[in-house]
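A.B. asks: Here the sequence shown is numbered in this note's numbering, starting from 5 and rising by one per residue.
The hints are simulated quantities; they were obtained by calculation from the structure and are not laboratory data.
In this text, a Cβ means the ideal position worked out from N, Cα and C, and glycines have one as well.
Treat the hints with care, since some could be wrong.
With a straight-line cut-off of 25 angstroms between C-alpha atoms, the simulated DSS-like cross-links for lysine-lysine are [said to hold, decoys possible]:
(1) Lys214 <-> Lys277
(2) Lys311 <-> Lys420
(3) Lys214 <-> Lys190
So the derived label-pair ranges between C-beta atoms look like this [as the list claims (entries may be wrong)]:
(4) Ser213 <-> Asn263: 42 to 48 angstroms
(5) Lys382 <-> Thr262: 48 to 54 angstroms
(6) Ser213 <-> Gly344: 33 to 39 angstroms
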Amino acid sequence: MSKRLLIVVGILCLCLTNNLNAQSNALKRAFITHKLRTNLKDFVAYHLENEALKLPTDVNSSLPSIESRSNDNFLDVTPEAESELHAAINPRDTNNIIVCAMRNDPGNLVAPLTFPIYYTNDFGATWQLSDFNGTSANDFILGGGDPILVFDTEGTAYLCWLTLRFQLPLNFGIDLRFATSTDGGKTWEESDTPIDSGDLLDAVGGDFSKFVDKEWLAIDHSDSPYRNNIYAAYLTIQSFGDSLATNITFKKKTPTATNFQDSAIHVNSNAYKLVQFTSMDVDSKGQIHVTFAGTLDSLNWSLYYAKSKDGGETFTPEAKIADFHIPRLSGDEPESNVVGVDQDRLYPCPHTVVDKSGGNYDGYLYTVWTANGAAQKKTEGLDIYFSRSKDGGNTWEAAYVLNDDQLPDSHQFYPKLLP
C-alpha cells in the first residue's frame, strides 16, 4: 500500500468514528480545533486525488498596505503568515538573538505548518534562517504552535513547540517537542523523546485520551544547586469517558540529562473545570514562580500563583492573584469584538517575571494580563492589567489598569514583560 493511500485510509477511519463520538465533550473538540491549521477534508482530498487545491482569494487583498517604519528590519519576506513568535537573547553573547515563529502555509496540505528559526550574531543588523524548521520527514503536520525559546548560562539555546500530527502507521497525536542549539541557533538537534505527548482517538470528532497545550519554559540562571535546570509547565487534559481532568503539569531537565524527566507533578492543588495559560520565571535564589488562569465553574476566571523552593520537587498551594473578566471565557460575554482576532484565539495572555537584578527590588514579582474587568465586566475595550508582589508571591497588590488611554472602547491586549 502506498504512503499516500495509507494516509487516506487513516483519515477515513477517523472520519467513520466521528458518528460514534457525536456526544464527545465539546471542550475536547474545541482544543483540537484550536490547534488544527489545515482542513481535514481538504487534506484527504489532496492525498486521494493528488492535486493541489485552489486557495480562496484574500478578502483583504484590496486593503492598503501598511508602510514600515524606517528602523524596521524584516527577518523574512515569505508571503506565508508568521505568528506566535518568541525570542531569546544569549546571556553569553548579547549580539546573538534567536527568534522562532509559526509559519502557516494553507496551500501546503502535506505540511501546512512549520517553525522557521531566525538568528543574528550582530544584534539584529542581519539575520539568517536555520535549516531546521521543527518538522520531521515522517510527520504530516495538521497543526500546533506555541514556540518558546530560552538560553542557559553557557549560551546553549533550547526550543520547545507543539505539533498536531498524523504519523505512519495510522497514528494521530500531539507532541510537545524539544530541540537544542549550541551554535547560536544555526543548527538544532531535536530530542528523540518529546517533553510530553497526547493521543488523539478521533481528531475529526474531537476526542482524545490525553491532550497537551500552552507550554512555558524557564531556566535557572542563579547560583543555587539547581543552576541550569530547565523547567517546563503546560496544560494537560486527560479524558475519562465524559469527564475531564485538567492540570498545570510540570517537568524538569537537569543540566547533565539528555531529556526531560518522565515523572511529572501538578502545579495546581485544586480541581478546576479548566486551567491554562501558564507563565513561569526563576529568581536569583533558584525559586520557581508559576502563574496560570483557572476557573472553578467555567464562568468566572482568576489568576493563580504557586512557588517551588526545591527545584520543582513540590509547589506551594496556589494563591489567587486576581479575578479577571474577558470576552469568550467569562460566562456573561461569550463573544469578543476585537477586530482581527479570531473568536477562538482571544485569551488573557498572562505573563509573569521576577526581578533578578540583585538590587533593592530583587525578588519582586510582576504579572500582567488582558481583561475588560475584574470579577465583572468594566469596559467594552480590553485593557492591560498589572499586579505585583513584594514578598516573593505571598501576597499580591490589588490589580490596576496600566494603559492610560482613557478610551473605554479601545483595545489593548497580549502584554509581555521584560525584566
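A.B. asks: State for each hint whether it applies.
C.D. replies: Do the hints match the structure? See the list:
For the suggested pair Lys214 and Lys277, the alpha carbons sit about 16 angstroms apart, so the restraint of at most 25 angstroms is met. With a C-alpha separation of about 20 angstroms, the suggested pair Lys311 and Lys420 falls inside the 25 angstroms cut-off, and the hint holds. Using a Cα cut-off of 25 angstroms, the hinted pair Lys214 and Lys190 is violated, with the two alpha carbons roughly 34 angstroms apart. Between Ser213 and Asn263 the beta carbons are some 22 angstroms apart, a value that contradicts the proposed interval 42 to 48 angstroms.
A C-beta distance of roughly 49 angstroms is found between Lys382 and Thr262, which places it inside the suggested range of 48 to 54 angstroms. Checking the proposed 33 to 39 angstroms range against Ser213 and Gly344 shows it holds: the Cβ atoms sit about 35 angstroms from each other.
Consistency with the previously given hints fails for numbers 3 and 4, ordered from lowest to highest.
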